[in-house]
Structures are given as structure tokens and as C-alpha cells.
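Please model the entire structure based on the sequences and the hints provided.
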Amino acid sequence: MNEFETNAVAHEPEYFTRDGKLTRRTFVKGVGAITVASALGFGAQAALPGTVHASEGGASAAGGERAVHAVCTVNCTSRCHLHGTVRDGKLVRVEPGDMPGRPGYANACLRSMSYIQRLQDENARVMYPMRRTGERGSGEFERITWDDAIDEIAEKLNAVLAKDPQAASFYSFTGDLGKLSWEAPTRYAACVGATTWDIEGIMGDHGASMGMTMVFGTHRGAHDSRDYLNSKLLLVWGRNVADTHTSELRDYVAARKNGCKIIVIDPRQCSTAAMADEWIPIRPQTDPALALGMMNWIIGNDLHAKDKLVEESVAPYLVREDDGAYLRMVDGSVVATATGARKDDEGSIGTAPAAQGKAGADAGTYVIWDELTGAAVPAPDAAAIKVGGVRPALSGSFTVDGVECRTAFDHLKDACAPYTLERTGEICGIDPSVVERLSREYIEAQPAGIRMGQGMQRVYHSYSPFRTVATLAMVAGYIGVLGGGASHAGGTATTKPVAGYTGSVYDFDDWSNTGKKANLVPSSKVYAAAVDHNPVPIDFLWIANSNFVNMSPDSNRIIDEVIPAIDFIVTVDPWWTWTAKYSDIVLPACTYWEHWDLIDRSPWAMFNQPAIEPMGESKSDVEIMTLLAKKTGVEQYWDKTDEEWIRQFVSTDHPAWDDFDWERDVVERGIYSRSDGIFDSAIVYEDGTGYSTDTGKFEFYTESLLPFGEEVPTWLPPCEDPREGELASKYPLVYIQYHDRLNVHTQHILNPALEVVQDEPLLQINPVDAEARGISHGDVVRVRNDRGSMKIRAFLTEGIIPGAVATQSGWTPDHFIEGCYQNLTHHTICDAEEAYSMTNTAFYDVLVEVEKA
Amino acid sequence: MTERRYGMVIDTQHCVGCQTCTVSCKISNEVPGSAHWNHLESLDGEVLYQSTGTFPRTTLAFRPLLCNHCDNPACVNNCPSGAMHKDLATGIVSVNQDVCIACGYCSWVCPYGAPSMNDVDHVMSKCTFCAERVAEGVEPYCVAACPANARVFGDLNDPESDVRKLVQSGKAQAYLPEMGTHPSVYYV
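Line order of the protein sequences matches chains A and B. Counting from 1, one number per residue, gives the positions in the first sequence under the numbering used here. Counting from 1, one number per residue, gives the positions in the second sequence under the numbering used here.
Treat the hints as calculated values from the structure; they're not laboratory data. As the structure is a computational prediction, the values presented were derived from the model and not from experiment. Accuracy of the hints is not assured; some may be wrong.
Said to hold, decoys possible - Derived contacts from chain B toward chain A, CB cut-off under 7 Å, selection only: (1) H14; (2) Q19; (3) T54; (4) F55; (5) T58.
Said to hold, decoys possible - Just a sample of chain A residues kept apart from chain B, beta carbon distances all over 12 Å, derived: (6) V92; (7) E135; (8) E755.
As the list claims (entries may be wrong) - Counterexamples of contact, computed for chain B against chain A with all Cβ distances above 12 Å: (9) G17; (10) V31; (11) G45; (12) N78; (13) C103; (14) G104; (15) Y105; (16) P177.
Every residue gets a Cβ at the ideal spot worked out from N, C-alpha and C, and that includes glycine.
The following block contains the structure:
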């Protein structure tokens, strides 16, 4: 066994290794895990407060301790494999769990370590089924039995189902991303034909997906973070990886030690900026303007990647001057519109795991101008252009069949033109010389990578940041090259087939068989559904894996309008959340340390299993849905225990499981490295392939946004604009939230061991803004706008751009002196986004005023 | 001179201030009450997490602190009961809690704020460099947990160790060497 990995200062760029071996970080070269304590005399030493520790991979557990495993399934999307220790039936310790084949990826953050304190605290947990006795929100409940709870719920639900199944809603979010927990409530909804919600919109992650889908055709796509060992420069743009995706941080550190300059672009000097070479502060909501300014400088200096743009993007595609649509030809003649089939998958792009689709079937109808023949011809693929048989014009005006056209690139160039260094600097709050230097460094790095983060897309017109920054990377020629890319991570899922084998890796057939189908509705419509019954009424609401009130915009509106409009609300949660307090029945859910689950994180399959007895009478989501199924006539779909489901999932003859041993890989290790060694690519879109847009190319010209004048990347002022207008004079400060070291959402709030880090929500404010308001460090301030307010302590720091104030996301009303941050946010529908898919909540597009309280 | 001299090099250039070290030590060593064996300070300022300098030319940097397992430990030299002692085989400084009278002198004289009173059992407690793990050849909890790989642990007496090389190259410097305790923890 390779037990002897050292913590060498620099990492080796081993992209693809599968040795299936367990590794444990040791510091002694050439010495195994041999107990030498007695030789060193520790045995005679006075008892240390620390106790003996269970070892894995050989040494037997000591002191009645047992090694256990789990995957952290809260939604930071790292999904770290955790190695826990149980003593006397209690979890006492959490450490990074092994990642076979990728030892540098083992990680456990401070949240996952301290989580065991909170999840074993019966005062924090929902212990029993509870029925509301006081007013909604009063927190007055009585304990009832599971039988009574399920009977009461079934009676309400059956009445709604009899009238209109879609009037029953099952709202399952990201509190537990294990397959069983995450999907059980929506799977149940499908069984009875009820409504479920496409979650990304209201939670504020969907702008990234829209932006990515516009240009790449798929909503995720990232370079393996080890690829940054190949980068000379890395722009970490709106992403605080150090706190929000800590499993990747080691790779950023290794890249920097390898000579990669790291620049963080963020309104705040976030934790990641602490290890970077440079922090470039940017005004919130202005990231697309910076990307446009950089493109303008690069194109203006003739440094853009002309070959790549011509080969892999829609840059040379001809666009009609009359209506702005792509020019299309069939059999050599111009046609008004193509009649080809649309994309294969017209389903949700919000909830499905990242999947590589196929280019649209009408890809062959687009047109370029061939400079070799001086004629309009069907747009060729990248390979055909590379071999030189055709030379598409990047720029120019042409007349084809009497139709005047220009290239898409010329449209992009025009869109960039207003973004001079001066104007860009003025919009973004960055010195124009810094914009120029950044543009120069980026194009000269060869290669430079960009890691994008959702921090920049919680704005109105939220598709713009990812779309525009990705287009910058294409203009610079960095898409599909080692050390480059414009990456949006957040989960991996490999769907590459094994040659010659057609079956699935997992057996999800029974799990997918639900008889009926759920009615999937964009989550941007959930308030309207409750209040106006549009597009569906909500007479019965089942909330699972979600602190809906705390994490959705405009909480006063939820409490005053949305919740009163819903007749019956059930919340399933491990915690006494704000949402639970507004529910009629609260059911106790298990945490990921207490139930079976599967996490498909190729090349690994990872498993949760009960490491401790469920607290109180808590149950898994599958157990709960199974109980409800028995009372609602769909029990035939819920005929297995949690463990039986997992055993079925992994019981296929797929080569992935050739070496699989349930006892060893599930029970003892909790992680299995697939035998077929299918790994995600180190980079995406290599050789100009893999774009799954309608055109099959990198598509920065988006035809469907023509009605909104948004066909090429643009920057639009925010919904609540601090620059001008009545609102700006009343509320001049931009209020943003950030995910920090303390909390992903609300699950980890004040795990006791985290109190030393920070024990109350704080408002970050620049001293310039504070002094103008007579506010000193530590003062209690009121932050307000027309929707609500919060009372909170001020934290003065030079590490935030003037004009913006910020708090950590995830604190609950219990922790504010008064009010809550979510009182300040708003839910404003964006027409362009609704037309494309659905509105993304503009959580960071909020104006406030701050005053001494 | 001890047989081994376990030491640590902490990379402040890559520390992101997350305090996974603080929390992993607290949880994994089951440090009771309000005691902490690791803590975090601003590298160049007064208030933790407050950037220094003036916008936009600011710095955000941290200094994680733990017992420096000094060669000339002030805590041992000033301990009236003899509870505080240095192990000759490893260089690890420990407190024998059976002997400790909880007078707190060690915490007053330590330049690094390392000894931390166990307010549950009313006895001094401190970082052990995870001696039992180290004896098995496994890194201390804080080292294994650091998501920035900012901690390097090893034997400063071993010419082949990474810690020794970092110290010998001059990249790693002791903190508060003027206190004369000859610490075994160094900072880059």
C-alpha cells in the first residue's frame, strides 16, 4: 500500500491515476503506520487530554472507537468524503477521508468537523413529529406520533390529490445532496402526479447555468483544478473558493507555488484573496462591463485569437441585417428560418446533473463567407477549417441571395466598442490603468485560466456575467486549452461510455419507475403560484431539504403573502428552522451521518450509512415517503428499505463494478474507485469539440435574446441602480451577501466550535462609508430599505469596495439583534430570463441605507 | 538537545484564515470547555479579518498560532509544579495534568499564548503536537486538515525533512525570537 505520501511542498500534475489504494497523509518518509509510541516513551507520559485514535487501512481501532464514513452532502458541492470516529455511539471526530487515486483532494472543512456537535444536540434537532398548536411562526408545537402525523398529512394530501394532483407541491432543495434524500420527495411527487419545482432560479444559481448554456450549450463545465499547474495566470472571478469549495484550494496553492499568478476579482477582499497575488476590487453587478472592456482592449490591439474564433465559435457566422437572425441556407438557398429539429433535450436545465448534450440538428444550415471561393457556404466544423479547405471571414459585410449580412464577430466587436478603458473603469470602480494591465496580463499569460463563481451572477440579467466572461476567454483563445478555460464547477458527472458496453453504471430502473410524472414548474413562479394560483395553485406544500423562508428573497413577502395563501405546509428537516416554525406539521429528518445514501461522483461512488443511531425519532426521506406512500395508494413504488435501494443501485454487471466488494468498499471505506477508471477530462472543449449549442460552436450570439436586444454579451445597469435615480438617493449602498467560512447555508449556524471564529452576523463596511454616517467599528447599525431592515454590528474594513456593504449568508433571525438580512432582498421577475428559462433571484442587486442604531 | 526535534513551518502567504486548524484541533483532540490549542491572529493588524492598508492597496493575512514547542520553553522554566515539561525524545512540550496546580503562570509567560486553561477540569491544557498520532508517523490533525497545505510538520533534526530544509534555506523564520525561547515553529 502506498502509505507513504508526503506533504511535499509542490504537487505533481498527476491527472489520471487509479490505483484504488488508500492513502494517509504521513510525514515520515519510508516508515509505515507502525506504532512506535512505546519506544518513544509516550506510554509512560501523563494522560493527554487527547485520546487514542482509530486508524484506518490496517491498525485496529483502539479504545472502543470505530471508524465510520460519510459524504458531506450539503450544497457547497465539494461533497467531501469524511472519515469519522464513533465512540460509545457518538460521533467524536471528523477528519478528511481518503480519495483513492487523488490523495491531495482529501478534505474536511471546519463546518463538517463541527457539524457533529450540532447534529448530536437534541436541542437543535427536530426530535419527533410535531403538530403546530399556536399561530404560524409562533414556534408552538406539540409532539405527536409518526402514525398520527402521517395520517393527518395523508388525509389533507388525498383530498388535494382527488381534486387536482398538481395543487400538491413538493419542494425539495439542496440540504442533502445524497441521491435518496435529494430525490425522494420529488420522486414521490412523480408517483402521485404532483408539482415539483425547478430549483435553481429562486436560489440564485441559475444565472450561471443560463450564461454557460448560451455559450457552451451545457450548464456546467470546468477544468480540473489541477490543470492550473499549467496556467501562468488564474483569474478567480467572483468565486471565494477558499471558503466555498475548500477541497479545490490545495490545487490553487500548488498552482501558485508552481509560478501561476492568481488574481481575485471581487467586491470584497475575500479569504481567497488572502492567498492570491492581487485583489482587484470591483463594484458589485459590473463584472460583464469589465469583461467587455478587456475584450475591447484585446480586439483593439489586434491580440484576439482569430483562428480559434473562426474555427470554434460563431464569430464568422453570418447574421441578417434585416432581422438579426442567423442567415440560414438549405440546399444552397437562403431560407427564412430553419425547420430542423431543436436540441435533443428540451427539459429543465436547472436540476439535471451536468450532461453533455448534442449540437442542434439544424447545425448544418448556418452560413459563413468563404474567403477562398468568395461565396457563402454552410458553416464547416472546426476540423474542416483547420485543414484549410475553407477560410471563413471573421469580419465583413456580405450580400447573400440579396440578403445583407454581417458576421457575428462584428456584432460582438460593436458591443465591446463603448467599453473604453476609461468607461470600463468608471463603471467598475477600477482605475483604467488597472483595466489595461489586467487585459495585457491576461492575453500575454498564454495560457490564463478563469474560474468563475456564482457571486457575480446574483444580479438582474444574471446570465450576463458568465456569458460575457466566457466570451472573453474565447476571444483570448483560452477555451479548450490546457491551463485555460472559463470554468464553472459545481459537481462532476461523467457520462462517458465504456467501449463496447451499452448498459448503465447504476441500476436506477426501479427508482426511475414512478408510474406518473411530476409537473415541473420554474421556481421563479413559486410566489405567484401560492398567491395567484398561477401557473398552479398550492393547496398542499411539502418542504424538504430546504430552509425556504431563510434562503429565499424578500422574507417579509413570504411570511405576509406566500405562506398565508397555502392551506397546509409540511416541513421535513433535521433542524428547527425559520421555515419549520411556519409549518403545520414538522417531521424530523436524519442528517447524512444517520442514513443510507449514494453519491455518484465519478470516478468514485461514495456511500452514506448510519454511523450513529438517528437522533430522536428522525427518519430518512425515503423512510418518510415510504410511510406516506402506504396511505396514498402508491406503496408499490416504495417497496425497499434505504439499504436495499443502495444495494440495487450498485448491482449491475457494468465494468465499473468489477472489483466491487460491498463489505470493503461500502461498509469499511465508504468510497469506491470505479474499476473502469472513467475520469472527467482535465479540460473541456479540447480541439474545438463538445459544444452542445444549436450551432455546435461556442455561441456568443444568442438568437433567442433578439427581442430583448441582448443577442450579444452586454452589460445592463442593475435593477436597483446605485448610480442614479430616486432609489439611489434614498438607499445609496449596494447590499451583497457572501458565503463564508462559517456557513454554507443555515445548517452550520453556530456549531459550538465555530463560535471562536465568529459568533454573530456582521456588516462589512468600508471606513469611508462608515465615517460619512458616524459609524465606528463594532457599532450597532440598522440596515434598511423599503422591504425591511436588520439590526447588526458594523465591521469596518478596508477590504470592501466603498459603496457596497456585505453580510455573511445563512444567519437566521435568531442571531440578528433585530430583523434578518433576507428582509432586504427582492424577487423581481426578469422578462428576458423568463423567456430563456426562468428568473434568477438577484440577491446581490439590492440597495440599502445604513445608519447608527 | 533532544533526540528528535519536532517542528512546524506555517506558510502565511497561503493561509486563508479559515481556522480549520483551530476547529480540527478542538474537535479531534476533544479539547474541553473554552480552551483552544490553536488560534489565529491578523499577521499585520490589530483586528482579525480586518484588511490592513488603505483601499484599494490592502492586505489580508493571518498568523496561526500554536505551542512553539520551544527548546528553551518559558512555560517549563516558570512552572512551579514541574507539570510543564519537555520530552527529550521528541522535543514536544507537554503538561502533566496530574501534577498541574492550575496557577496559570505558563500562560502568562508564553510569548505565543499557547497554554490554554481547561475550564471544565480546572487544569492547564495545551497543544501536544498530536504526540500519539505523530508516534504512529501520522501528521498532527491541524496539518492534515489545512485546506491550503499551509502547514509542514517534521523533525527539525532530520536533514532530509521538509521542515529542516525550509528553515535552513532561510525562507522560514521564527516568530518573536527576541523572547529567547528558541521556538520550533517557523513562519514563511
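Outcome of the hint check:
Because the smallest distance between the Cβ of H14 (chain B) and any Cβ of chain A comes to about 4 Å, under 7 Å, the interface hint for this residue holds. Interface restraint check: Q19 (chain B) against chain A, minimum CB-CB distance 5 Å, threshold 7 Å, status holds. Taking 7 Å as the C-beta contact cut-off toward chain A, the hint placing T54 (chain B) at the interface holds, the least distance being around 6 Å. A hinted interface residue such as F55 (chain B) counts as satisfied when its beta carbon comes closer than 7 Å to some beta carbon of chain A; here the least separation is about 5 Å, so the hint holds.
For the restraint placing T58 (chain B) at the interface with chain A, the shortest Cβ-Cβ distance is roughly 5 Å, inside the 7 Å limit, so the hint holds. Listed as a non-interface residue, V92 (chain A) fails to keep its Cβ farther than 12 Å from every Cβ of chain B; the least gap is roughly 6 Å. Chain B leaves E135 (chain A) outside its interface by the beta-carbon criterion, the shortest separation being 38 Å against a cut-off of 12 Å. With a least CB separation of 9 Å from chain B, E755 (chain A) falls inside the 12 Å interface cut-off, contrary to its annotation.
For G17 (chain B), the requirement that its beta carbon stay farther than 12 Å from each beta carbon of chain A is not met, with the minimum near 6 Å. With a closest Cβ-Cβ approach of about 7 Å to chain A, V31 (chain B) is found to fall inside the 12 Å limit, against its non-interface label. Here G45 (chain B) does not stay apart from chain A, with its beta-carbon only about 10 Å from theirs, under the 12 Å limit. The beta carbon of N78 (chain B) is kept farther than 12 Å from every beta carbon of chain A, the shortest such distance being approximately 19 Å.
For C103 (chain B), the requirement that its beta carbon stay farther than 12 Å from each beta carbon of chain A is met, with the minimum near 17 Å. No beta-carbon of chain A is positioned within 12 Å of the beta-carbon of G104 (chain B); the least distance is around 17 Å. For Y105 (chain B), the condition that its CB be more than 12 Å from all CB atoms of chain A holds, with the nearest at approximately 18 Å. Listed as outside the interface, P177 (chain B) is consistent with that label: its C-beta sits roughly 23 Å from the nearest C-beta of chain A, beyond the 12 Å cut-off.
Figure legend: structure checked against the earlier numbered hints; hints not met, in rising order: 6, 8, 9, 10 and 11.
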